[in-house]
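Chemist: Which chain is which? The protein sequence lines are A and B, in order. Note that this note's numbering has the first sequence beginning at 339, numbered continuously upward. Note that this note's numbering has the second sequence beginning at 7, numbered continuously upward.
Everything hinted at is true.
With a cut-off of at most 25 Å between alpha-carbon atoms, the simulated SDA-like pairs for lysine to any residue come out as follows:
hint	chain 1	residue 1	chain 2	residue 2
1	A	Lys357	A	Asp420
2	A	Lys576	B	Gly80
3	B	Lys22	B	Thr124
4	A	Lys576	B	Gly99
5	B	Lys212	A	Leu411
6	A	Lys576	B	Leu81
7	A	Lys566	B	Arg92
8	B	Lys218	A	Glu550
9	A	Lys576	B	Tyr96
10	B	Lys212	A	Glu404
11	A	Lys528	B	Val208
12	B	Lys141	B	Lys163
13	B	Lys91	B	Thr112
14	A	Lys566	B	Pro64
15	A	Lys461	A	Val356
16	A	Lys576	B	Glu37
Residues from chain B that keep clear of chain A, each with C-beta distances beyond 10 Å, as calculated:
hint	residue
17	Lys98
18	Ala114
19	Thr178
20	Val208
21	Tyr292
Honestly, the hints are just simulated from the structure, not real lab data. Think of the CB as a built atom: it goes at the ideal place given N, C-alpha and C, for glycine as much as any other residue.
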Amino acid sequence: MIEYAQILEKEFFCGNIVKFVLRAPRIASEAKCGQYLMLRCSGEQILRRPISIARITGDDLMICFEIRGAGTLFLSHREEGDVLDIMGPSGNGFSLESAKGSLKKSLVAGGGLGIYPLLQITKELPFRCDAALSFRSAARVNFVAEFERSSRVFLSTDDGSAGRRGSAGDLVRELLEKEDYAEVFVCGPKPMMRAVARLAEEFGIPCQVSLEEHMACGVGTCLGCVCKTESGQRRVCKDGPVFRSNEVKWE
Amino acid sequence: MKTVDMTVDIAGVTLKNPVVTVSGTCGFGREYSEYYTADRLGAITVKGLTLEPREGNPTVRVAETPSGMLNSIGLQNPGVDAYIKRELPYLKGIGATVIANIAGNTIADYCRMASALTETQTDLIEVNISCPNVKCGGVAFGTDPVTVEKITAEIKKNTSKPVMVKLSPNVTDIAEIAKAAESGGADALSLINTLLGMRIDVKTRKPVLRNKVGGLSGPAVRPVALRMVWQVRKATGLPIIGMGGIAGVEDALEFLIAGANAVGVGTAMFTNPYAPIEIIDGLERYAAENGLERIRELSSSLIEE
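Let the sequences and hints guide you as you build the complete structure.
Modeler: The following block contains the structure:
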């Protein structure tokens with residue numbers, strides 16, 4: 339559906355990451371963990387931008403995005419009180435029944451800009467999640483306090499300037515060796531997700547990944563955003579963005 | 007306010023209003039159904055069909071451009087049989103008028119598909135001639151008038167359904183191509199298909215699209231599409247469905263005035279799924295406000311000195 343959503347809160351992280359809290363009661367009432375919004379930008383940009391929902395709280399949706407190009411730059415200039423044209427909730431979302439029904443904790447593993455859609459998982463499994471958050475360096479670390487309110491956070495940076503030194507894969511391996519998790523939920527750059535998917539397979543734990551692909555329509559008609567899976571080609575916008583890691587054909 | 011007759015006639019098929027959705031932008035009518043069902047439209051043009059199912063090109067297949075976009079989907083579709091068995095029954099079940107778009111590698115492909123569609127409830131066949139002719143080194147069928155006339159004539163031999171040829175704008179003289187389709191027996195014309203374009207990623211110095219080039223659509227192409235509809239209308243009396251960057255009622259009016267009998271809306275739906283409905287309502291309002299009893303009166307009403 340289309341909804342006009344007022345920006346209630348605006349915040350910047352790390353100089354170029356924008357957080358909005360949007361009042362969107364109609365979309366919020368239907369939104370599920372792991373779904374995303376398609377945001378309309380300025381007139382010349384005819385394609386909406388897909389941005390993950392980080393948190394659903396009553397009538398409000400929290401989103402975070404990096405300023406990358408003309409569309410996100412336009413969005414970053416909107417202020418509290420401005421109204422955005424949003425389409426959603428889009429995509430299939432994470433499947434949490436199994437994790438919710440388990441006595442074991444789950445692990446959410448986020449890399450860089452991929453951390454945001456994982457926050458809602460920790461809100462639906464409060465303190466039944468460990469959060470492995472991996473960034474390039476201390477300058478890129480953000481949003482940790484949000485995760486700490488509902489999960490136990492483990493931090494890593496590639497250069498060791500904050501938290502453990504190493505990759506997301508290194509951090510996740512360490513955690514999988516110590517704890518017996520029910521399920522792993524991952525989001526981040528493709529090589530990071532592939533690495534964590536392989537670890538989950540190695541340790542015999544079910545794993546869900548949230549993929550990304552260049553989109554146009556965002557509803558499943560244009561077929562621009564396909565990915566290859568074991569069951570054939572799938573649309574990331576509609577059949578995804580969440581897939582079981584062993585379904586994805588990692589290239 | 008007196009009711010306006012919003013119907014138009016395209017090759018003997020009555021469309022309930024002059025707005026159709028364009029091939030490749032609305033799948034087979036299911037995805038946008040949460041907004042409105044396809045029976046609200048003058049017609050729905052389904053995704054381009056090929057004889058066999060096709061996976062299409064590797065990603066990246068879409069890219070934004072100023073007031074437009076490029077696509078190199080590569081005709082991913084479930085194949086004409088799946089359309090006949092699965093998609094058409096759904097669309098007819100909800101009362102939609104259906105245009106089946108067909109794309110082939112060879113003239114024989116087009117003929118076999120046209121033949122297969124004849125005994126179905128498909129209302130119109132739209133022939134996509136922008137595909138590369140594999141027997142001619144991959145040059146598009148639609149760039150050579152001799153081929154266009156031949157392909158149209160062969161398709162007409164293989165079906166009793168009305169045949170609408172969708173013209174490619176990547177030609178020197180669109181009126182010549184239109185006349186060739188008419189000579190071949192086309193019952194209607196639709197134009198324009200996408201223009202050929204590209205984008206380059208300056209960080210990697212590689213083309214953004216994996217296929218290197220793709221089809222440009224959206225508001226950026228509208229002046230070209232409009233000019234071509236105007237030119238084709240001067241060259242032929244065949245019914246025309248005009249398309250190319252139409253996003254609102256004013257755009258649609260320009261095309262009707264220039265000579266189109268109906269308009270197609272495509273890329274605009276990605277920005278605003280309601281675009282076709284807003285245009286239908288806007289056209290009805292315009293007609294009522296301007297004392298027109300029938301929307302058809304608007305077609306080819308351009309005043310030229």
